[in-house]
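Student: Protein sequences, first through last, are from chains W and Z.
Note that the numbering used here gives residue 101 to position 100 of the first sequence, counting from 1, and the numbers run on in steps of one.
Note that the numbering used here gives residue 50 to position 52 of the second sequence, counting from 1, and the numbers run on in steps of one.
Among the hints, a few may not be true.
What the hints assert, rightly or not - Reference listing, derived: stretches of chain W covered by chain Z, where coverage requires no fewer than 3 residues with Cβ under 8 Å from a Cβ of chain Z: (1) 22 to 29; (2) 49 to 62; (3) 81 to 89; (4) 97 to 104.
If you are wondering where the hints come from, they were derived from the structure by calculation, not from laboratory data.
Quick reminder that beta carbons are idealized off the backbone N, C-alpha and C, glycines included.
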Amino acid sequence: QLVESGGGVVQPGKSLRLSCAASGFTFSDYSMYWVRQAPGKGLEWVAVISYDGDNKIYADSVKGRFTISRDNSKNTLYLQMNALGGEDTAVYYCAREIPRGGVDILDVWGQGTTVTVSS
Amino acid sequence: DIQMTQSPSSLSASVGDRVTITCRASQSISTYLNWYQQKPGKAPKLLIYAASRVQSGVPSRFSGRGSGTDFTLTISSLQPEDFATYYCQQSYSTPPLNFGGGTKVQIK
Chain W
2 QLVESGGGVV
12 QPGKSLRLSC
22 AASGFTFSDY
32 SMYWVRQAPG
42 KGLEWVAVIS
52 YDGDNKIYAD
62 SVKGRFTISR
72 DNSKNTLYLQ
82 MNALGGEDTA
92 VYYCAREIPR
102 GGVDILDVWG
112 QGTTVTVSS
Chain Z
-1 DIQMTQSPSS
9 LSASVGDRVT
19 ITCRASQSIS
29 TYLNWYQQKP
39 GKAPKLLIYA
49 ASRVQSGVPS
59 RFSGRGSGTD
69 FTLTISSLQP
79 EDFATYYCQQ
89 SYSTPPLNFG
99 GGTKVQIK
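Go ahead and model the full structure; you've got the sequences and the hints to work with.
Tutor: Structural data, given as structure tokens:
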């Protein structure tokens, strides 16, 4: 199970940190994603982090502003979001990546947390 | 990144209809293609992985085909609970696992 928290209403230019608490599986074994969905729009991957935290990749739209991290001792994934703009308004999901049938899939998703950037 | 393009972006259909959604990759991805279903206010749910393998618990009316650059998701007989948005996702060149733009299936 994955449970996100930390969303809310924030002013443009401010910061917010999202958390994703994992349970029911060995968190430290898996790469993890943040995926977002703006109102009325499709799914957009935001960032991914390797199982050990050593490798991180960001979408161009958030590079330099967002930081993904994890604390395997706390079974928690984070997304630090800085310099927020209206384009960052979205529901943010965390998701687990696993191999299945020779391909990688996102098999477990959180319920999502809503971030609204507004003055 | 590999770009994924879905068509149509939306469609209207009736219960019992056969529905086919197309996904095209910007380069060959073999069968590294997954399909997800998302209902309003809910997280996406995996339907099909590796282009044609049905996820456990998914009804048999859902099927996937394709390889290379062209893929389809077919619902053989649309049910009321199938009205949702469907996304394809490539897993050939990862990370990232990027998505197509989605196809919204609406009631006619």
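Student: Go check the stretch 81 to 89 of chain W versus chain Z for me, would you? Three or more residues, Cβ under 8 Å, otherwise it fails.
Tutor: violated (count 0)
Student: Counting residues of the stretch 97 to 104 of chain W that have a beta-carbon nearer than 8 Å to any beta-carbon of chain Z, does the count reach 3?
Tutor: holds (count 5)
Student: Confirm or reject the coverage of the stretch 49 to 62 of chain W by chain Z under the rule of 3 or more residues with a beta carbon closer than 8 Å to the chain's beta carbons.
Tutor: Check passed, 3 qualifying residues.
Student: Just to make sure I understand the rule, a stretch counts as covered if three or more of its residues have a C-beta closer than 8 Å to a C-beta of the chain. Does the stretch 22 to 29 of chain W meet that for chain Z?
Tutor: violated (count 0)
The earlier numbered hints that this structure contradicts are 1, 3.
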